[in-house]
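Asker: Between the sequences and the hints, there should be enough to build the whole structure, so can you do that?
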Amino acid sequence: MKDREVHLRKIVRDGKVLILAMDQGMEHGPVDFNARNINPEYVLDIASKGGFTGLAIQKGIARHYKECYSGKVPLVLKLNGRTNIVPKDEIYSSQVASVKEAVKLGADAIGYTLYVGSPREADMFREFGKVQEEAEDYGLPCVVWAYPRGRFVQDEKSADTIAYAARVALELGADVVKVNYPGSVEGMKKVVAAAGRCKVISAGGSKQSDAEFLAKVRDVMASGAVGLAVGRNVWQNDNPMKIAEELKKIVYK
Amino acid sequence: MKDREVHLRKIVRDGKVLILAMDQGMEHGPVDFNARNINPEYVLDIASKGGFTGLAIQKGIARHYKECYSGKVPLVLKLNGRTNIVPKDEIYSSQVASVKEAVKLGADAIGYTLYVGSPREADMFREFGKVQEEAEDYGLPCVVWAYPRGRFVQDEKSADTIAYAARVALELGADVVKVNYPGSVEGMKKVVAAAGRCKVISAGGSKQSDAEFLAKVRDVMASGAVGLAVGRNVWQNDNPMKIAEELKKIVYK
Amino acid sequence: MKDREVHLRKIVRDGKVLILAMDQGMEHGPVDFNARNINPEYVLDIASKGGFTGLAIQKGIARHYKECYSGKVPLVLKLNGRTNIVPKDEIYSSQVASVKEAVKLGADAIGYTLYVGSPREADMFREFGKVQEEAEDYGLPCVVWAYPRGRFVQDEKSADTIAYAARVALELGADVVKVNYPGSVEGMKKVVAAAGRCKVISAGGSKQSDAEFLAKVRDVMASGAVGLAVGRNVWQNDNPMKIAEELKKIVYK
Amino acid sequence: MKDREVHLRKIVRDGKVLILAMDQGMEHGPVDFNARNINPEYVLDIASKGGFTGLAIQKGIARHYKECYSGKVPLVLKLNGRTNIVPKDEIYSSQVASVKEAVKLGADAIGYTLYVGSPREADMFREFGKVQEEAEDYGLPCVVWAYPRGRFVQDEKSADTIAYAARVALELGADVVKVNYPGSVEGMKKVVAAAGRCKVISAGGSKQSDAEFLAKVRDVMASGAVGLAVGRNVWQNDNPMKIAEELKKIVYK
Amino acid sequence: MKDREVHLRKIVRDGKVLILAMDQGMEHGPVDFNARNINPEYVLDIASKGGFTGLAIQKGIARHYKECYSGKVPLVLKLNGRTNIVPKDEIYSSQVASVKEAVKLGADAIGYTLYVGSPREADMFREFGKVQEEAEDYGLPCVVWAYPRGRFVQDEKSADTIAYAARVALELGADVVKVNYPGSVEGMKKVVAAAGRCKVISAGGSKQSDAEFLAKVRDVMASGAVGLAVGRNVWQNDNPMKIAEELKKIVYK
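Residue numbers (the numbering used here), protein chains in the order written: chain A, 307 to 559; chain B, 307 to 559; chain C, 307 to 559; chain D, 307 to 559; chain E, 307 to 559.
Careful: at least some of the hints might be erroneous.
Said to hold, decoys possible - Derived BS3-like pairs (lysine-lysine); straight-line CA-CA distance at most 25 Å:
1. C:Lys410 x A:Lys436
2. B:Lys372 x D:Lys316
3. A:Lys316 x C:Lys372
4. A:Lys394 x B:Lys463
5. D:Lys394 x E:Lys463
6. C:Lys322 x E:Lys372
7. E:Lys436 x D:Lys410
8. A:Lys372 x B:Lys436
9. B:Lys355 x A:Lys372
10. E:Lys406 x D:Lys406
11. E:Lys406 x C:Lys406
12. E:Lys463 x C:Lys463
13. B:Lys406 x A:Lys406
14. C:Lys394 x E:Lys394
15. D:Lys406 x B:Lys410
16. E:Lys406 x D:Lys410
17. D:Lys410 x B:Lys372
18. A:Lys436 x C:Lys436
19. D:Lys406 x B:Lys394
20. B:Lys410 x D:Lys394
21. A:Lys322 x C:Lys372
22. E:Lys410 x C:Lys406
23. A:Lys394 x B:Lys394
24. A:Lys436 x C:Lys406
25. C:Lys322 x A:Lys406
26. D:Lys372 x E:Lys436
27. D:Lys394 x E:Lys394
28. B:Lys436 x A:Lys406
29. D:Lys436 x E:Lys410
30. C:Lys436 x E:Lys372
31. D:Lys322 x B:Lys372
32. B:Lys406 x D:Lys316
33. E:Lys410 x C:Lys436
I should point out that these hints are in silico values taken from the structure, not numbers from a laboratory.
Answerer: Below, the structure is given as structure tokens:
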């Protein structure tokens, strides 16, 4: 068993991945939250009790709220980030935490966002290249958020473009790649094929009705993806534990 | 008790924070000063005798005036800075002192400014990420000046935008975040909620009448913030010790 | 025998070089692949059984598919890369893997792309300079993909311009330089002369008919080049082992 | 006595500073010189015999002409520089020598230029921040050339703007700040006040008649500044030793 | 005797310097070569037998052709380079080899190009500053190619501008500076005066008739320069050994 398998087995359960992400405070701002879920304790409690295989957060949340998740759900430490105040034309996400910090905080994986096709993709590719090398040295797997974005990207939602981003994640050394669902099982199958041995998971996306969301989850799983990284569809839900249960039924069936 | 608690307890007294800031010579220029307070000795004397829990200055002031504050008031060393001659469209504050220098000068916290939403936020996020990591290693807490600013920011004073900046400070690992007061208790409550376990303090802002200033202080405290970082409203005041007394009455009541 | 000869002798057999490249997923995207060859296992199997002297891939492929090529075909690890979503006006390929990673993965050579004449050639020259120095320390030879490209390049296909790029590769320390075939034996002879003791190989280029492709290979070999780095003309071929056989007959004759 | 006092006492004599600067070959070009003073030996001889407390030169002069000044006049090694061929809109002076080189060459202080208000002030602030930290570690004081300059600076000669630059030098850790004389004793007093415990010296400026120059020196000293850093008004003078004598009479009176 | 004198004495013979340069393959491309001299062996043979005091080449040539020059002519390793495909408006030459590589290859000096007055002079000044410091540590002298160039340079050939570039080389620590001949003995005397103790040599320039070239060489030597760095006028010459002989007669007379 390779070093990184030890950690990878924590965020991959029965071959499936189900991550709860709460980096929206950084990426989107408080607009994504209400009076209840603006409190990280509320969301971390869902992550801890909802049977997730990973919790994706920034280091500030990780260090201030250790007792809320530690030993309850594996940590996927996001190492880069940006706000959405800066327009996406030249989109770039800079590294804000180190692999060593992830190790120190007890993370079982690191998370990194790559905006494929951005005028600044070169900077992100270089920085992720070093992060992946160091993570490998520590035996930590890498979960890559791979999004085609920036002024040169014609259609962020086209299956071919998303498949390109997923392939880039594979070639740069990701273990798991999170993509936006391209809207069809057929399209997602292309993405999964392009990613090869890099496991594909789908973003949950913005809040939908339970029925719409669960239908999408079924399609994701039908395409050969191994799971999802969800956020708003769970913690914006009035009954997060219930939707988490239904989600797991589909993912682990 | 975590390492940084040792230091944090010095700048947080009874759960409250009251910092005197004198970095205006760098940030605004001599225009903020008169013949009396242009002399750092005058301001440092107020900091030492006024019962403040911290003194925020640049390293040049810290090293030239050690005997004026050392052992009298905890030092919050500002690690980055800029002049206001350069317009704020692409606002950026570069690192000018290291965490090691802060340790050497006996600081109990470091101070760092983040212009959230600036075209150069990525540079500041990356640099602060490293500073926070190193400060953590030395057990030094981080006080972040979080200001939404730059050509992409629609309204620097909106509560939602200020709350976004405060959330970014939390996610990047700040222990205390200093924000501009958004103008209403309701707005400030949003900011405090968004900052979670990161303590919120309000900037004092430009000089007001004593009555106006103290009314604002009352509102700040009513919103759940833990204190203020003040400057001009104290050392531009004709009777700085008197206003400091009144300020403490409200903050510590 | 110099250190690097040990490794160089693995990718140069009887004075000839025949590399199978599969970095198109990164450089061109999934558009280059079909349902069969999108799977790296399929292509790596061709590389392993087809008698190639090297396999050029990115580190993500190398680490995920070790058992598919290891001990079967020498590894040429590509250390930089880009997507073709970003236009080529200011073309730049950033470093995404280190020489140390190449050593760790058991590579016998490193691969590096230089876009000669690009507005950003200076960055690539500097980065390759360091890579070559470190590779030399480890005894690893360097294969340079030398392409004149970017808004200042009048004609990417002119023999003189390609010869310039090949000469740059020689002067910067390449052991093998891969160029695009300039379209004539006479032109390729100029390129070979300009490259001096740096061995020249030709890119295979986009998919052609077998006859056209093999005619080109004959011309390449007639010009004094020592071989090719092929990709699409082999693994897009319906019968890759057959074309590989015919290719070797010409190269090794 | 602090470490840096040992060195500071060499360039500050009886509380006064009188530096001879010869970095004009770099900053202005040979146009500042005639057939006699183009020879560094001529100028270094004046520095050695004229009773100056410091000689400000670049490392190339320092290493080629050691025997002309060593043991005769303290060395203030300039660590950054630029030519005036590049326009001043985005003015920047890059670091060209290290603190370690200054130590090795036996310098008693380092010299650094900051163009306050330049679009690139952030780069210079960051670089000087590190230089000052390292100089402190070696016990070497810092003399800062603080000039408001670049396209955002309305009036380089206004006392308020010069006072701002002097304050920045203080806050960033300078021990001595060299400014351009703002044209009046009153203006210079503002500058001296803004600089606090950082000692202020005036540039000599371009060549004037002896009478004009000495009148200016009297005004400089009357304002509370501790001396000057002169160049052209001494070594362009037909009788440099005589003007140096008169200069000292005013400075040390 | 200083450390660097050991090496300097190899490239300076009887006070004179005569370097054969073959970096034109990088700087100008194959257009400078014919079928014979495109082969580095041909040019290195001239360098070895022609009585030159130095051979200026890039590291790729140095490592591939060691036996052609080693022990026969001192090596001046060029550490930076560029192609002329990129226009000279913002001219910049990036570092492509290290001082350590020069030491390892047995060089007796390093060569570095500075485009004085370029919008990017600051980058070259900073990089050369570090190179010179490290070369000093190894006892290696620095030969600087100092060319005024880029969109801010009015007249690259004016004696005053060339003298400025030579002075910059002196101030930054060069031991030998190579300049373009300004067209007159009087002009070159200005350059030599501005360079002080930094020895001045003239570029050979583009190919001229033997008579014209030798007349220029006589003028160069009459101006106080100590020699030349030649290339095309020797190895493009039909009888390179003959012109080398005539050249030496003038330089060493």
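Asker: Hint by hint, say whether it matches the structure.
Answerer: These are the hints, each one checked on the structure:
Taking the CA atoms of C:Lys410 and A:Lys436, the gap is near 14 Å; set against the 25 Å cutoff, the hint holds. Between the alpha carbons of B:Lys372 and D:Lys316 the distance comes to roughly 23 Å, so the proposed pair stays at or under 25 Å and holds. At roughly 23 Å between alpha-carbon atoms, A:Lys316 and C:Lys372 fall within 25 Å of each other, so this suggested pair holds. Note on A:Lys394 and B:Lys463: the hinted pairing holds, with a Cα-Cα distance of about 23 Å set against a maximum of 25 Å.
Taking the CA atoms of D:Lys394 and E:Lys463, the gap is near 23 Å; set against the 25 Å cutoff, the hint holds. Restraint check: the Cα-Cα separation between C:Lys322 and E:Lys372 comes to about 23 Å, which is no more than 25 Å; the hinted pair holds. Proposed proximity of E:Lys436 and D:Lys410 is supported: the alpha carbons are some 15 Å apart, at most 25 Å. Between A:Lys372 and B:Lys436, the direct Cα distance comes to roughly 20 Å. Compliance with the 25 Å bound is thereby established for this hinted pair.
A C-alpha spacing of about 38 Å is found between B:Lys355 and A:Lys372, which places the hinted pair above 25 Å, so the restraint is violated. Of the pairs offered as hints, the one joining E:Lys406 and D:Lys406 holds, with about 19 Å between alpha carbons and a cut-off of 25 Å not exceeded. Taken as a hint, the E:Lys406 and C:Lys406 pair is honoured in the structure, with Cα atoms around 19 Å apart against an allowance of 25 Å. Proximity of E:Lys463 to C:Lys463 is assessed by CA-CA distance (about 35 Å); at most 25 Å being required, the pair is judged violated.
Pair hint B:Lys406 plus A:Lys406 holds up; C-alpha atoms about 19 Å apart against a cutoff of 25 Å. In summary, the hint linking C:Lys394 to E:Lys394 is supported, as the alpha carbons are separated by about 20 Å, within the 25 Å threshold. Of the supplied pair hints, the one linking D:Lys406 and B:Lys410 holds, its CA atoms being roughly 21 Å apart against a limit of 25 Å. Of the pairs offered as hints, the one joining E:Lys406 and D:Lys410 holds, with about 21 Å between alpha carbons and a cut-off of 25 Å not exceeded.
Of the pairs offered as hints, the one joining D:Lys410 and B:Lys372 is violated, with about 30 Å between alpha carbons and a cut-off of 25 Å exceeded. Between A:Lys436 and C:Lys436, the direct Cα distance comes to roughly 16 Å. Compliance with the 25 Å bound is thereby established for this hinted pair. Restraint check for D:Lys406 and B:Lys394: not satisfied, since their Cα atoms lie roughly 36 Å apart, outside the 25 Å limit. At roughly 37 Å between alpha-carbon atoms, B:Lys410 and D:Lys394 are farther apart than 25 Å, so this suggested pair is violated.
Restraint check: the Cα-Cα separation between A:Lys322 and C:Lys372 comes to about 23 Å, which is no more than 25 Å; the hinted pair holds. Proposed proximity of E:Lys410 and C:Lys406 is supported: the alpha carbons are some 21 Å apart, at most 25 Å. A hinted pair counts as satisfied when its Cα atoms are at most 25 Å apart, and A:Lys394 with B:Lys394 qualifies at roughly 20 Å. Distance check on the hinted pair: A:Lys436 and C:Lys406 sit about 11 Å apart at the alpha-carbon level, within 25 Å; holds.
Between the alpha carbons of C:Lys322 and A:Lys406 the distance comes to roughly 45 Å, so the proposed pair goes past 25 Å and is violated. With a C-alpha separation of about 20 Å, the suggested pairing of D:Lys372 with E:Lys436 holds against the 25 Å cut-off. A distance of roughly 20 Å separates the Cα atoms of D:Lys394 and E:Lys394; the hinted pair therefore holds under the 25 Å criterion. Distance hint between B:Lys436 and A:Lys406 is fulfilled; the C-alpha atoms sit about 11 Å from each other, no more than 25 Å.
For the proposed pair D:Lys436 and E:Lys410, the alpha carbon gap of about 31 Å is over 25 Å, so the pair is violated. A C-alpha spacing of about 20 Å is found between C:Lys436 and E:Lys372, which places the hinted pair at or below 25 Å, so the restraint holds. Distance check on the hinted pair: D:Lys322 and B:Lys372 sit about 23 Å apart at the alpha-carbon level, within 25 Å; holds. With a C-alpha separation of about 28 Å, the suggested pairing of B:Lys406 with D:Lys316 is violated against the 25 Å cut-off.
Our distance criterion of 25 Å between C-alpha atoms is met by E:Lys410 and C:Lys436, whose separation comes to about 15 Å.
In this structure, the earlier hints numbered 9, 12, 17, 19, 20, 25, 29, 32 are contradicted, and the remaining ones agree with it.
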